[in-house]
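Q: Could you put the whole structure together from the sequences, leaning on the hints where they help?
The opening residue of the sequence shown carries number 1 in my numbering; numbering runs sequentially from there.
No lab work stands behind these hints, which were simulated from the structure alone. Any given hint could be a false lead.
What the hints assert, rightly or not - With beta-carbon atoms standing in for the labels, derived distance ranges:
hint, residue 1, residue 2, range
1, 72, 18, 28 to 36 Å
2, 168, 34, 29 to 37 Å
3, 232, 20, 34 to 42 Å
Small disclaimer: the values here were computed from a predicted structure and weren't measured. For glycine and all other residues, C-beta sits at the position ideal for the given N, C-alpha and C.
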Amino acid sequence: MILIADSGSTSTGWCSVGREGKKRFFTTSGINPYQQKTGEIAGDLQKQLSEQEFVVPPEKVFFYGAGCLYPSPRERVGKALAAFFPGADIEVHSDLLGAARALFGNERGIAVILGTGTSAGVCHRGMITQTSVSLGYVLGDPASGAFFGKELLRHYLEGSLPGHLAEALKDEYRPEPGEVLERVYTGTYPNRYLASFVPFLGKRKEDPFVRSIVESALSRLFEQYIQKLPGDRLGWVGSVAWIFRGMVRELSARYGYSDPLIVQDPLVRLADYHLEESF
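A: Next up, the structure:
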């Protein structure tokens, strides 16, 4: 049996697959090694995975996670997984590689993640060959969930959000200035908090003001990230890409990428990839 995980900062999707191809899916909280130490990650895994009943322990664990692009954070996640699955062969990769394999398998393409965070890179033969700069939600991540949350709250608190949107936001979320600043600057997982406002925008994506925010962010993403990568085959994964898929398609065409593939949840396709590669 193999176990595949696709982890963002907000949630982690898991899929166990046996030789017969039967899949079982479940979800736990997100993991980000830039925000959690090895012990914290191990504790979360112990608490949440202990609730799952595995018929047999996994022989292999393939973990694709946010913040796992570089060796040091990958090692921290790997140690936490090894503590829970001591007999398994464990591989930890970036969520970008997971997105690329889910979108293109072993073929060439540009993979873009739009979830709580943002990342983009070129894949070929099942590996990432080039990436755009990835600065996280504080310095970068245009068009991510955290980015849109920042934009919405900034306009609201500065008083520049149109009245009908400000009233709706106040009714649904009641964001008090003091609470917002505390959650963003001293709270745990501020990126998750910021991204939690995306559904508000998603329900109003045809509103001219919302549309202008989304289109501006996507344009920045194309001009500063995607267009610097070689290739013309483009694919997207993530909840934010899916929520705004209409505008994602429009902007993709505007910047010369026809018929982009947009996948809400890459885990099913990723499980199929490993099922074919492993057995």
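Q: Hint by hint, where does the structure go against what was stated? Just the numbers, ascending.
A: Of the numbered hints, all hold.
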